[in-house]
Each structure stands twice: as structure tokens, then as C-alpha cells.
Amino acid sequence: MPHNNHYNHQLKPLAKALRKESTKAEVRLWCEVLSKGKTGYTFLRQRPVGKYIADFMCKELKLIIEVDGYSHNFKAKEDEERDMVLNELGYSVLRFHDEEVLKNLPNVQRVIEAFIEDQQK
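Residue numbers for the sequence shown follow UniProt numbering, so the first one is 1 and each next one is one higher.
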């Protein structure tokens with residue numbers, strides 16, 4: 001039985017390029033919180049979902065984590081639309097700012113862990 005997870009193969013080359021160009025905040029979140037099943041779940045980096053590429057995605061939790069850089073200060077409407085589309089596909093979206101990840105990673109980690117705990121209830 002094929003399970004789709006809304007994977008968009010056409011975005012695969014772009015996703016691969018984005019993995020190589022990860023921001024400091026994305027790398028830090030990945031290395032210190034999300035990689036190697038540290039949360040108890042498998043997260044994938046720069047994963048095509050629908051017409052978007054999620055910074056981090058966990059299929060099991062149907063969770064997408066976005067780390068927004070400075071440019072997102074001017075993209076509130078696009079981000080809102082994107083979150084709505086991803087919600088319609090069945091995903092929850094947690095969004096953090098670069099600064100939060102770099103300067104307050106323990107809090108970002110707490111938010112992610114709280115989300116995971118809620119899902120396990």
C-alpha cells in the first residue's frame with residue numbers, strides 16, 4: 001500500500017540544494033535537537049511536502065518545523081497561507097525565528113517536546 005505523505009518529487013533537487021545551504025540556526029536545531037531520533041521520532045531535513053519544502057518534517061507526528069530567517073519578517077501573508085495549506089494536508093506547523101534558535105535553543109526544544117508530549121496523549 002503506497003503511502004504518499006504528499007511528497008513532491010519535482011522539488012527533490014531544490015530540497016537537496018537547500019540541505020547544503022542550511023542556515024546556522026537550522027544546523028544547530030538539527031544537530032542539537034532533531035537529528036538521530038533525539039526526540040524519539042525521525043525528522044527529515046528540507047522535505048518536499050505538497051508545493052513547499054519543509055525545513056524539518058516528521059511523518060509519524062505529521063509535524064513540520066520551520067526556522068524563519070530575516071526575510072520572513074516580510075512574508076507573514078505567504079507564511080500564513082503556507083501553514084494553512086500544510087494544515088489542510090494534515091500537518092501541524094511549529095515556526096521559530098532564527099534568533100530564537102540561536103539565542104534560546106532550550107526554549108525552542110521545550111516547545112517541540114511539549115508538542116510531542118501532547119501528541120502522545
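Just so you know, the hints here were simulated from the structure itself, not pulled from any lab data.
There could be a bad hint or two in this list.
Stated by the list, open to error - Cut-off 30 Å, straight-line C-alpha distance, at most; resulting in silico cross-link-like pairs (DSSO-like, lysine-lysine):
| hint | residue 1 | residue 2 |
| --- | --- | --- |
| 1 | Lys51 | Lys38 |
| 2 | Lys121 | Lys12 |
| 3 | Lys24 | Lys38 |
| 4 | Lys103 | Lys16 |
| 5 | Lys51 | Lys20 |
| 6 | Lys77 | Lys62 |
| 7 | Lys16 | Lys36 |
| 8 | Lys16 | Lys121 |
| 9 | Lys121 | Lys24 |
| 10 | Lys121 | Lys20 |
| 11 | Lys62 | Lys16 |
| 12 | Lys121 | Lys75 |
| 13 | Lys51 | Lys62 |
| 14 | Lys24 | Lys77 |
| 15 | Lys38 | Lys20 |
| 16 | Lys59 | Lys24 |
| 17 | Lys12 | Lys59 |
| 18 | Lys36 | Lys59 |
| 19 | Lys20 | Lys59 |
| 20 | Lys20 | Lys103 |
| 21 | Lys36 | Lys103 |
| 22 | Lys12 | Lys62 |
| 23 | Lys36 | Lys77 |
| 24 | Lys75 | Lys51 |
| 25 | Lys36 | Lys24 |
| 26 | Lys16 | Lys77 |
| 27 | Lys36 | Lys12 |
Hints versus structure:
{"no.": "1", "hint": "Lys51 / Lys38", "in the structure": "holds, 28 Å"}
{"no.": "2", "hint": "Lys121 / Lys12", "in the structure": "violated, 34 Å"}
{"no.": "3", "hint": "Lys24 / Lys38", "in the structure": "holds, 19 Å"}
{"no.": "4", "hint": "Lys103 / Lys16", "in the structure": "holds, 27 Å"}
{"no.": "5", "hint": "Lys51 / Lys20", "in the structure": "holds, 20 Å"}
{"no.": "6", "hint": "Lys77 / Lys62", "in the structure": "holds, 23 Å"}
{"no.": "7", "hint": "Lys16 / Lys36", "in the structure": "holds, 19 Å"}
{"no.": "8", "hint": "Lys16 / Lys121", "in the structure": "violated, 35 Å"}
{"no.": "9", "hint": "Lys121 / Lys24", "in the structure": "violated, 33 Å"}
{"no.": "10", "hint": "Lys121 / Lys20", "in the structure": "violated, 36 Å"}
{"no.": "11", "hint": "Lys62 / Lys16", "in the structure": "holds, 21 Å"}
{"no.": "12", "hint": "Lys121 / Lys75", "in the structure": "violated, 34 Å"}
{"no.": "13", "hint": "Lys51 / Lys62", "in the structure": "holds, 16 Å"}
{"no.": "14", "hint": "Lys24 / Lys77", "in the structure": "holds, 25 Å"}
{"no.": "15", "hint": "Lys38 / Lys20", "in the structure": "holds, 22 Å"}
{"no.": "16", "hint": "Lys59 / Lys24", "in the structure": "holds, 24 Å"}
{"no.": "17", "hint": "Lys12 / Lys59", "in the structure": "holds, 17 Å"}
{"no.": "18", "hint": "Lys36 / Lys59", "in the structure": "holds, 15 Å"}
{"no.": "19", "hint": "Lys20 / Lys59", "in the structure": "holds, 22 Å"}
{"no.": "20", "hint": "Lys20 / Lys103", "in the structure": "holds, 23 Å"}
{"no.": "21", "hint": "Lys36 / Lys103", "in the structure": "holds, 23 Å"}
{"no.": "22", "hint": "Lys12 / Lys62", "in the structure": "holds, 19 Å"}
{"no.": "23", "hint": "Lys36 / Lys77", "in the structure": "violated, 33 Å"}
{"no.": "24", "hint": "Lys75 / Lys51", "in the structure": "holds, 17 Å"}
{"no.": "25", "hint": "Lys36 / Lys24", "in the structure": "holds, 18 Å"}
{"no.": "26", "hint": "Lys16 / Lys77", "in the structure": "holds, 26 Å"}
{"no.": "27", "hint": "Lys36 / Lys12", "in the structure": "holds, 22 Å"}
Going through the hint list in order, the structure does not satisfy hints 2, 8, 9, 10, 12 and 23.
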